[in-house]
Amino acid sequence: RGEEMAKLTQLIDNEVFRAYATYTAIVLLKMMLMSLITAYFRKTRKAFANPEDTTLFGKGESAKKFLRTDPDVERVRRGHLNDLENIVPFVGIGLLYALCGPTLSTALLHFRIFTGARILHTFAYLIPLPQPGRGLSWAVGYCVTFSMAYEVLKTAWLL
Amino acid sequence: RGEEMAKLTQLIDNEVFRAYATYTAIVLLKMMLMSLITAYFRKTRKAFANPEDTTLFGKGESAKKFLRTDPDVERVRRGHLNDLENIVPFVGIGLLYALCGPTLSTALLHFRIFTGARILHTFAYLIPLPQPGRGLSWAVGYCVTFSMAYEVLKTAWLL
Amino acid sequence: RGEEMAKLTQLIDNEVFRAYATYTAIVLLKMMLMSLITAYFRKTRKAFANPEDTTLFGKGESAKKFLRTDPDVERVRRGHLNDLENIVPFVGIGLLYALCGPTLSTALLHFRIFTGARILHTFAYLIPLPQPGRGLSWAVGYCVTFSMAYEVLKTAWLL
Numbered sequence: 258r259g260e261e262m263a264k265l266t267q268l269i270d271n272e273v274f275r276a277y278a279t280y281t282a283i284v285l286l287k288m289m290l291m292s293l294i295t296a297y298f299r300k301t302r303k304a305f306a307n308p309e310d311t312t313l314f315g316k317g318e319s320a321k322k323f324l325r326t327d328p329d330v331e332r333v334r335r336g337h338l339n340d341l342e343n344i345v346p347f348v349g350i351g352l353l354y355a356l357c358g359p360t361l362s363t364a365l366l367h368f369r370i371f372t373g374a375r376i377l378h379t380f381a382y383l384i385p386l387p388q389p390g391r392g393l394s395w396a397v398g399y400c401v402t403f404s405m406a407y408e409v410l411k412t413a414w415l416l
Numbered sequence: 258r259g260e261e262m263a264k265l266t267q268l269i270d271n272e273v274f275r276a277y278a279t280y281t282a283i284v285l286l287k288m289m290l291m292s293l294i295t296a297y298f299r300k301t302r303k304a305f306a307n308p309e310d311t312t313l314f315g316k317g318e319s320a321k322k323f324l325r326t327d328p329d330v331e332r333v334r335r336g337h338l339n340d341l342e343n344i345v346p347f348v349g350i351g352l353l354y355a356l357c358g359p360t361l362s363t364a365l366l367h368f369r370i371f372t373g374a375r376i377l378h379t380f381a382y383l384i385p386l387p388q389p390g391r392g393l394s395w396a397v398g399y400c401v402t403f404s405m406a407y408e409v410l411k412t413a414w415l416l
Numbered sequence: 258r259g260e261e262m263a264k265l266t267q268l269i270d271n272e273v274f275r276a277y278a279t280y281t282a283i284v285l286l287k288m289m290l291m292s293l294i295t296a297y298f299r300k301t302r303k304a305f306a307n308p309e310d311t312t313l314f315g316k317g318e319s320a321k322k323f324l325r326t327d328p329d330v331e332r333v334r335r336g337h338l339n340d341l342e343n344i345v346p347f348v349g350i351g352l353l354y355a356l357c358g359p360t361l362s363t364a365l366l367h368f369r370i371f372t373g374a375r376i377l378h379t380f381a382y383l384i385p386l387p388q389p390g391r392g393l394s395w396a397v398g399y400c401v402t403f404s405m406a407y408e409v410l411k412t413a414w415l416l
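Protein chains in written order, with the numbering used here: chain A, 258 to 416; chain B, 258 to 416; chain C, 258 to 416.
Since the hints were made in silico from the structure, they are not lab data. Hints may contain errors.
Because identical chains cannot be distinguished in the list, a pair is counted as satisfied if it fits within a single copy or across any two copies.
[Unchecked claim] Derived DMTMM-like pairs: lysine to aspartate or glutamate, alpha-carbon spacing no greater than 20 Å straight-line:
1. 321 <-> 331
2. 300 <-> 327
3. 287 <-> 329
4. 287 <-> 331
5. 322 <-> 309
6. 300 <-> 272
7. 411 <-> 270
8. 411 <-> 329
9. 303 <-> 270
10. 287 <-> 408
11. 287 <-> 309
12. 321 <-> 270
13. 322 <-> 408
14. 303 <-> 408
15. 303 <-> 327
Work the whole structure out from these sequences, hints included.
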């Protein structure tokens, strides 16, 4: 039984699953980067959400004025939330899709387009690019996830 | 080894796993739908979060007035965030639960009640229904996830 | 084929995977707890986001005054969102990491430190502790997830 189990953990040797693992790690790391960018803008713009975070910049009344929202900070936070709303479905549906046995080339196509679209979306949000730049990059990622969900439902359907 | 691996990707042939894949795809698609509803309300209510999104409706000062919050938009966004807060635990714990080897009928019971409760929750939030409609549908989904987590911890416990 | 499939669902018998399942269930339950804490503060502080939630406390004008934000409620909500932003990458990357075949002791080290750091983070946020308490606990969890992502990319890399 131990040997049997050892094999099971080698799911990672399957090429489609390796591709899924690579792109999922990349988009999740990209999403995690948004926390660092938020922290950077909070510090340079001196705009904090918690009283205990302002103590580096002063005490009492002089610290209170740093308890505020800043357009740049809010922009990064909207980008971060949009990542959560779109990357969570990709990670969940992508895992099921990878287990549905697509060909490696089709799977790579889905993962690459999604990852590229989300990286573009972040640049479009942070620079910011004029619309429909951000809207289009969002829509491309959305459609890729939808296409994978269709494949999952077609293969796994058991209601 | 290639043959061994090919088999491993057929996790999707397991009936409980197929049920998990079906309901997870459905609830994640339902969550993704919230983005489209938000976009619809932002456009019809003319209430945007980014200056670059308002340029379709005017320039300069006339565009600035569309940079605002709208109660309908905020309502959909709260529903979307509530989905994230509840569907993420379902997807994560549900995957582990499906791998714990429950009977198909018990698993289907969990997945069906959760999915039904979250669809009701969305209607209760968007119509909106008087309380405790939304509260109850939220609580039902919460308890289903809790029940699966209990099963996972009972089966897998290794601290 | 049925027998083959039965075995596949015994991924949960692998010790590293059992450890992953245990800690993932714990951090997701901890995240779910934030919903109950938010509900508790909303009720005791009488600060609601939806008109239909205020009807227990009065009608018409007297209910409207409970449609407001409260610093304690907002604090719990920020903690909840921070959980989403950090626990989602842990669950996704942790699953891939567990399938990469790390030794049980290394895997347990990662899972335990992450889980401990996130529990500390919640206490640091809700009490609240003076900085850098919350910042450090956040950074520790972040670094653990980063370390697992590095391992996943090293093992699975297929771009």
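Hint-by-hint comparison with the structure:
1. 321 <-> 331: Both: 19 Å inside a copy, 17 Å across copies.
2. 300 <-> 327: within (11 Å within a copy, 24 Å between copies)
3. 287 <-> 329: Answer is within; shortest intra-copy Cα gap is 18 Å, inter-copy 31 Å.
4. 287 <-> 331: within (18 Å within a copy, 26 Å between copies)
5. 322 <-> 309: within (13 Å within a copy, 28 Å between copies)
6. 300 <-> 272: This pair counts as neither: shortest intra-copy Cα distance 43 Å, inter-copy 43 Å.
7. 411 <-> 270: Between copies only: 13 Å across, 25 Å inside.
8. 411 <-> 329: neither (43 Å within a copy, 35 Å between copies)
9. 303 <-> 270: neither (47 Å within a copy, 50 Å between copies)
10. 287 <-> 408: between (26 Å within a copy, 16 Å between copies)
11. 287 <-> 309: Neither: 28 Å inside a copy, 23 Å across copies.
12. 321 <-> 270: Classified as neither: same-chain Cα gap 54 Å, cross-chain 54 Å, threshold 20 Å.
13. 322 <-> 408: Neither, since 52 Å and 43 Å both go past 20 Å.
14. 303 <-> 408: Neither way: residue 303 and residue 408 sit 47 Å apart in one copy and 36 Å across, limit 20 Å.
15. 303 <-> 327: within (8 Å within a copy, 22 Å between copies)
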